[in-house]
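> Sequence:
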Amino acid sequence: MAGSLRKSSKRRAMSDINVVPYIDVMLVLLVIFMVTAPMVNPGVVNLPTVGGAKVQSLPPVFLSIDANENVIVRKDGEPVQTLNKFELGAFARSQAEKSAEQPVVLAAEKSIKYEVVMEVMSKLKENGVKRVGLAVKSQ
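Its first residue numbered 2, the sequence shown is counted upward by one per residue in this note's numbering.
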């Protein structure tokens, strides 16, 4: 009977992961990072200042495209001149001759196709206008 007790009390192999070595490695890494972190100098970032920005010398020329695809030149919110697609090139050349750095802001009605807006922008660029922007309506 003594022999049968010994056979049943055999130890079986343990199938669990022993995490003690992993905890030891983690604590060593934690100590290394805690010691080296104060010694690391962060890099200096030079941010731009607002005072260094260029002041816009010329007010922008506002162009708006109406439902008939005519371009309306506006100054101080009032319509000054109405142009069709063919007259737009001559207007852009005259603007570029006055000052190539004067910005042109383009707005269009909601019903206008994006293709028409892009055609007007490309005509302005082709005829020497360097700075073309799009106006947006805030809601």
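Read the hints as simulated data drawn from the structure, not as lab findings.
Possibly wrong hints are sitting among the right ones.
List of simulated lysine-lysine pairs, DSS-like, C-alpha gap at most 30 Å [claimed, not checked]: (1) K131 x K76; (2) K114 x K138; (3) K124 x K99; (4) K76 x K124; (5) K11 x K86.
Cβ pair distances, simulated, as ranges [stated by the list, open to error]: (6) G134 x N69: 45 to 53 Å; (7) V137 x I18: 26 to 34 Å; (8) A136 x A101: 53 to 61 Å; (9) V118 x P60: 45 to 53 Å; (10) V118 x I33: 56 to 64 Å; (11) P49 x R132: 49 to 57 Å; (12) R94 x Y115: 20 to 28 Å; (13) R13 x N42: 31 to 39 Å; (14) A38 x M15: 33 to 41 Å; (15) V51 x Y115: 32 to 40 Å; (16) L135 x A38: 41 to 49 Å; (17) L30 x V51: 19 to 27 Å; (18) V45 x A136: 34 to 42 Å.
No residue lacks a Cβ here, since even glycine has one placed at the ideal position from N, Cα and C.
> Checked against the structure, which of the hints given earlier come out wrong?
5, 6, 7, 8, 9, 11, 13, 17
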